Amino acid sequence: MEPVHFTLAGALAAMQEGAISSVELTEAHLRAIDRLNPSLNAYITVTADRALDAARAADAQRARGEAGPLTGAPIAIKDLFCTAGVKTTAGSRILADFIPPYESTVTSQLLRDGAVFLGKVNLDEFAMGSSNASSAFGGVVNPWSRPGAPLVPGGSSGGSAAAVAARLALAATATDTGGSIRQPAAFCGIAGIKPTYGRCSRFGIIAYASSLDQAGPVARTVEDCAILLRSMAGHDPRDSTSADRAVPDFAAACHASVKGLRIGVPAEYALEGEVQALWDQGIAWLRDAGATIVPISLPHTKYALPTYYIVAPAEASSNLARYDGVRYGLRVPGEDLTDLYERTRAAGFGAEVKRRIMIGTYVLSAGYYDAYYVKAQQVRALIRRDFTNAWGVCDAILTPSTPTAAFAEGAANDDPVAMYLNDVFTVTANLAGLPAMSVPAGLNGQGLPLGLQVIGRPFEEESVFTVAAAIERAAGFTTLPGMMA
Amino acid sequence: MSLDAKTVRRVATLSRLRVEEADIPRLQAELNGILGWIEQLQSVDTTGIEPLAGGGDTVLPLRLDAVTDGDQAEAVLANAPDRAGAFFAVPKVVE
Amino acid sequence: MTYILEGTTGPWELVIGLEVHAQVSSEAKLFSGAATAFGAEPNTQVSFIDAGFPGMLPVINGECVAQAIRTGAGLNAQINLWSRFDRKNYFYADLPQGYQISQFAFPIVGKGELEIELADGTRKNIGITRLHLEQDAGKSLHDQHATKSYIDLNRSGVALMEIVSEPDLRSPEEAGAYLTKLRQILRYLGTCDGNMEQGSLRADVNVSVRRAGEEFRTRCEVKNVNSIRYVMQAVEAEARRQIEVWEGGGEVRQETRLFDTARGVTRSMRSKEDAHDYRYFPDPDLPPLVLDEAWVERLRAGLPELPDARRARYVQDFGLSPYDAHVLVLEKETAAFYEAVAKGRDPKQAANWVTGDFFAALNRLGLPIAQSPVSADNLGALLDLIADKTLSGKLAKEVLEAMFETGDAPAAIVEARGLRQVTDTGAIEAAVDAVLAANADKIAQYKAGKVTLFGFFVGQTMKAMQGKGNPALVNDVLKQRLD
Ligand SMILES: [Mg+2]
Ligand SMILES: [Zn+2]
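Chains as they are written, first to last, in the working numbering: chain A, 1 to 485; chain B, 1001 to 1095; chain C, 2001 to 2483.
Errors might be hidden in some of the hints.
To be verified - Below, a list of computed lysine-lysine pairs in the BS3-like style, where the Cα atoms sit at most 27 Å apart:
# : chain 1 : residue 1 : chain 2 : residue 2
1 : C       : Lys-2148  : C       : Lys-2181
2 : C       : Lys-2223  : B       : Lys-1092
3 : C       : Lys-2181  : C       : Lys-2111
4 : C       : Lys-2088  : B       : Lys-1092
5 : C       : Lys-2139  : B       : Lys-1092
6 : C       : Lys-2139  : C       : Lys-2223
7 : B       : Lys-1006  : C       : Lys-2088
As the list claims (entries may be wrong) - Chain B stretches covered by chain A per the calculated footprint, using a threshold of three residues with CB under 8 Å from any CB of chain A:
#  : stretch
8  : 1024-1034
9  : 1040-1046
10 : 1063-1070
11 : 1078-1090
Hints were generated in silico from the structure; no laboratory data involved.
Computed from a predicted model, the values in this text were never measured in an experiment.
Ideal Cβ placement from N, Cα and C applies to all residues, glycine included.
For reference, chain A alone in the conformation it holds in the complex (with noise of 0.2 Å):
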């Protein structure tokens, strides 16, 4: 077998036994690379150099029997995090040559791991996007395709999902704000979870919308994102929000029964089509595995989405504001500050980045707070209450990741409305602050990955992670992409 085909629980075992070393498994992901990633456009940033000096001291780590729960296992780290030395984009030109002094938490959580990071991979601009059509460095290709169609791997942590897919990474970090963990994950055909707000410190991680901004791992198997969030996840006193909780051993998690639990099942959703069914099917598996399926009612999940335009643009409009050619990033002279200012901005961020400033911008303004700002707090506060209500009767809840599988390129990138749209299932956990995770299910009649989702309590990742593994064995997932190393 190709080293890159490797789970990483299995290649973490295979360096235990002495199969295969780290600078093995990481020379393989490099060449991988080189072959594939010309035509995904899935790393901005390759850091071979690194990647193999990290995998030589994970080697002699190993071999000093020191080894820590990832120490050698090659992964992709979203260029949302900021990683000290090495450029950090945030897919936008304004910060196209920014090298960070410092590390996010979660990446210094995973070099104290030993994890290998083999370099910075792709992502919509700020992570605002649903097709990572709107990074500055190019749009991803996924490696799942339909004859003759490129097909985006969703967004905005494209870049990861479809790296993980295509076997150039073990696994990825990636960021989640409505979405973007779980859209890519079931687009590419791999897991991937958004934990509880709070669960993973936002230190360093270059921020989109802060009260919904989470870190996840993307990974080709459940168990894989339970041992990577296990690294990435802990209370961190530099991020205010931090959640000073013990972190549980998620993979263990993953090997209990959902003998007993109780899954919820929104009325909401009216579905019809392939969707539906695989949805069905899901239900039907958890319930042969024991489970007890009990409907639930989620009223306010309608409005979620427009409630997610206004706070998630509103908190952008002020997160991005630092951008302005002063202290680091792209500078465009001018006649003077504001002209500066003006013109930077305006050349350094792209078209939807412009659109969710403006509209956050326009949402808090003087005459508009009220019935824009105000409304919607007061309309996440009537979603988070759902779930609350929704939690006296079941232990987790089950529902489709998106709407469809994989467009192509170019596709809804027109109509705005039409792209937010994709993240109608996924977005009430961001406002909720909710555990939810993508697993691939099955496949749609032109032979796409579909994902499910399965939200939890907060801080109850295990059973997301229980009733997620027994879909993925009940699922059997076995199809590869057609790309792929």
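Got chain A sorted already, so can you dock chains B and C with the ligands onto it with the hints?
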């Protein structure tokens, strides 16, 4: 609520985004498309509902008063597009 | 009595409110671990948080919160157990994040009040609207280069308390008295050093004018006035300008202005001209600030005695005059010095010495009390030497002068210079007899009724004894010999 061209210009100014006059109609249409869609929120009854701002339920943790950072002027200035010695430099501002 | 400015069309009243920005005394900044010390090299006290780098997050300094609570308690204000940080969004070269983290909707401290006292002894309560915590911005230097402004972020992120008064002030004197009193309280509390030259205390002055009995008219805000004297001048200058505008048939426009200290006038601030829309919203990086009530009460219980209470105690318990008490409590350091001198001694005598010869000497040297060459312990020791009759009052003054010159303890000076008072009756009698023997004519005049000559004999005797004779004993012996 729908944005007129003047409001689009004002929002662009507040956002410090240079917008060419020729782009205003397109932007106006896009923004109005999004805002029109958002408008459906107005139909939700939110009487008496406390707004929810944050993502979590924590309260603000307090840090100790100790100097643990700074003394790194070079690192702070290293990415600056323009600097003058130990200062950042910008076009002259008139107060 | 109402303070009035006469216009050409009649009298005008002033309405003034102050927004004071007080730098919180703390080691580190409000949301980062960078230092706050004044005068460091540019950009050396800057964390990546203060410089608004991507992915950086604020974490609040608990001591700054404690300082705000202490200040609120010292102003008899409501402490809000639930408060929140909001972002105030605007672009400026020295505002790295593109927003200031402040408390707009829910400040940590609510309504309070402060009593001011005017020169004529009138007292007046001034309402405090609120106090909130916020970050300072960096510093722009506009005069270093022909076409560029330079930015130093050392101040960026330093904790400020913005203390807002009600528009209760009615004259430049009241504005000055308010700021003086506020500064005094902050310094007593140790929550702000009150150093106006270094910018630790700045005032935004809101001024409007009106005819007697009218509602408030449009106000203007004079920004960043950095001395009490300038605040008083700015109030008057701005009021006069507004009167001229109204009387000229114009309309005062609400705007932000600067006080030109050289010309004594206010002028419009160009950079603030375009209408702002700060788009305040709750900072999603900072959950609500929820205070433990027991902690608030512990902080309240730990407050030092404030100037008003201290002054009352000096009058009631120590028997000081209201004026002396007032002078002694003006500065926290002075009061502490005085109390150290007075401890275990006669408080009135201690007050006389501190406010008298001691202050006079300090003034001559132009020194603040913190740099006094004479310590409180040494001044106290001097009073002890008077009490045990080692020194006469006159000798003590001489010793104090020597103490200012040398910084030595009084006993050492007495020893070294042989300034010990002579209380040996024999020696005094000898001196008196010698003086009398040499002045037979004066004795005759004295006995003939010119009793004022008694002072002459005292003087001559003291002179003969190089001033060391115990004045009471000299008096006794002279009386005995002459009467
Ligand atoms: Mg102000
Ligand atoms: Zn302020």
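query = Looking at the structure, which of the earlier hints fail to hold?
reply = 1 and 10
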